Amino acid sequence: MTSDITSGFAAVATALEHEGQLRERLRLQRDELDVAVRSLETQLSRLHYEVDWSDAVAGARQQLRTIGSGFLELQSLVPEGMFYKYNDLWRQCSIHIVQSCLLIRFFETVHAPGPQFSDNLDQSQANDSVETCTAALVTKDEVLEMLDGEKAPTQPALRLDLEEYLLGLCGGIQELARLAANRVVLGDYATPRKLAFFCNQVYAGFRLLNFRNDSLRRSYDALKYAIQRLDSILYDLRIRKLS
Amino acid sequence: MSLKRPLPDPTDSELVSVNSADVREPEASHTITKLFTALGAALDERLERRERFVRASRDLTMAAKKAIFELQRLKSSLRRLRDTQTQEAWAKTEQTFDRLQGLLRGGILKELEATPAFSDTYWQYHQVFSPGVQEYVEALAFRHWFKDARILQFQATCEKLAPFPLEVSDYLLGLCDASGEVMRLAVQSSALGEQGVAFEASSFLDTLRRECTRISARTRRAWPPSMQQDLDRKLVTMGESLQKVQDVCYRLCLRRAERAVLGLDDRDEADDGADAGIQAEEIIG
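Chains as they are written, first to last, in the UniProt record's numbering: chain A, 1 to 243; chain B, 1 to 285.
Be aware that a few hints might be false.
Said to hold, decoys possible - Restricting the straight-line Cα-Cα distance to at most 25 Å, the calculated cross-link-like pairs of lysine to any residue (SDA-like) are:
(1) B:Lys-34 to A:Leu-209
(2) B:Lys-147 to A:Ser-7
(3) B:Lys-147 to A:Ala-11
(4) B:Lys-34 to A:Ala-204
(5) B:Lys-160 to A:Ser-3
(6) B:Lys-160 to A:Gly-81
Hints are computed from structural coordinates only; laboratory data are not their basis.
Quantities reported herein were computed from a predicted structural model and do not represent experimental measurements.
Please build the complete structure, drawing on both the sequences and the hints.
And the structure:
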């Protein structure tokens, strides 16, 4: 009777061994991806300290290529149909990638401040209202395109979960709110305005969604504080006639 | 503080200027709204599907629990007898288990088959419907043990659940839960004067726990942390169950030895059982 249990568990152990090996391999690959994602975020943190963001954004774009190929390598290890069995491993990576893509896309589509923007407040203000609208929100497909780079479309496509994308957007908005205050520190009074406009639009979009009580719901709930923060920054600038 | 204001309202001067910009170049705002409308539809579809899995899982759990209670109500000595009454009672539980399989097919399996990518959806909602499947495995494993005092093997369980694809984790976690029912049956039976079950249960649970502990070293690598926590928790409970059964065995042996010393014959056994019943209730409780 007892040897029954032992022999029966041998088959279970073999199955678990295979699963364990795969998960281990995925974990190693994920750790490598994680390093690349972190250096992407380091690139983007330059937005907080450099008045001209074109270098930081271009550098981040470059870094995305590396991430894309690493991500593809990771996902190609996953057997067909088992995406959701293993995606808890790289969920955080995905979220951070989306978050960074949101920043990159925003700063690529919003007009850069001229070199003399702080001397010439009037002009930058004149362009302001038009500029606020040019910033684009990165879509899920665009994130995948950005990761794929110039690779041939014959390669197996990367996958991104819907919730990962939405969580990434929430993270991106939080990041933009933080950025707004630091742009003021840099003397850039025009960008916070654009940031606020953009974030308001995205927040309005989020309000169209139905949530259940999960991490996405909590991230959404936290967005209102980011919006509030942006609003108070704008108010601070306005009452001091800085924007 | 005067700088702090509530969230912007539509009459806010800031928003008015924003809105005037909107009129000039409404494209971006329009795109974002359109994007989120599409996202909202996709998210709603997920929520609804999830809800259906939750319901199917809950139905299966409830039915499986009832099946387990039905088995617990049978006298454990029934499995030894071959009279017609036993056969009838056993046949009735068979019907109950047929209904369970029907629930699995009509609930979780049907919902899975309604989606374009079976395997993908299976894993996407695995955590959601897993409790129901585990409870079903628990009922099956308990019934198997009830009859033969043997473990229900993974392969045999897969065959019973087919065409629903059973995952190793659901099998293991369901099996762990079944140990609690084995303990319950053993303690109850000994209380009712049948001693054999407790000893069978003790040796079964002991081996099962050793094997499960051994396998938990492998699952640590193969499973996500939340699932591992589940198993670890169940192993603790299984250890407690084993302890309870071993206590019963200890008392039974002591009593038997006592009887031999005092030179009592076996007719006192019924009294003995009733006595042990009081203790049994303490143990189960």
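Against the structure, the hints come out as follows:
Pair hint Lys-34 (chain B) plus Leu-209 (chain A) holds up; C-alpha atoms about 12 Å apart against a cutoff of 25 Å. Distance hint between Lys-147 (chain B) and Ser-7 (chain A) is fulfilled; the C-alpha atoms sit about 20 Å from each other, no more than 25 Å. At most 25 Å may separate the alpha-carbon atoms for a hinted pair to count; Lys-147 (chain B) and Ala-11 (chain A) meet this at roughly 23 Å. With a C-alpha separation of about 11 Å, the suggested pairing of Lys-34 (chain B) with Ala-204 (chain A) holds against the 25 Å cut-off.
A threshold of 25 Å between alpha carbons decides the hint, and for Lys-160 (chain B) with Ser-3 (chain A) the separation of about 22 Å falls inside it, so the pair holds. Proposed proximity of Lys-160 (chain B) and Gly-81 (chain A) is supported: the alpha carbons are some 24 Å apart, at most 25 Å.
Comparing the model with each numbered hint stated earlier shows that all of them hold.
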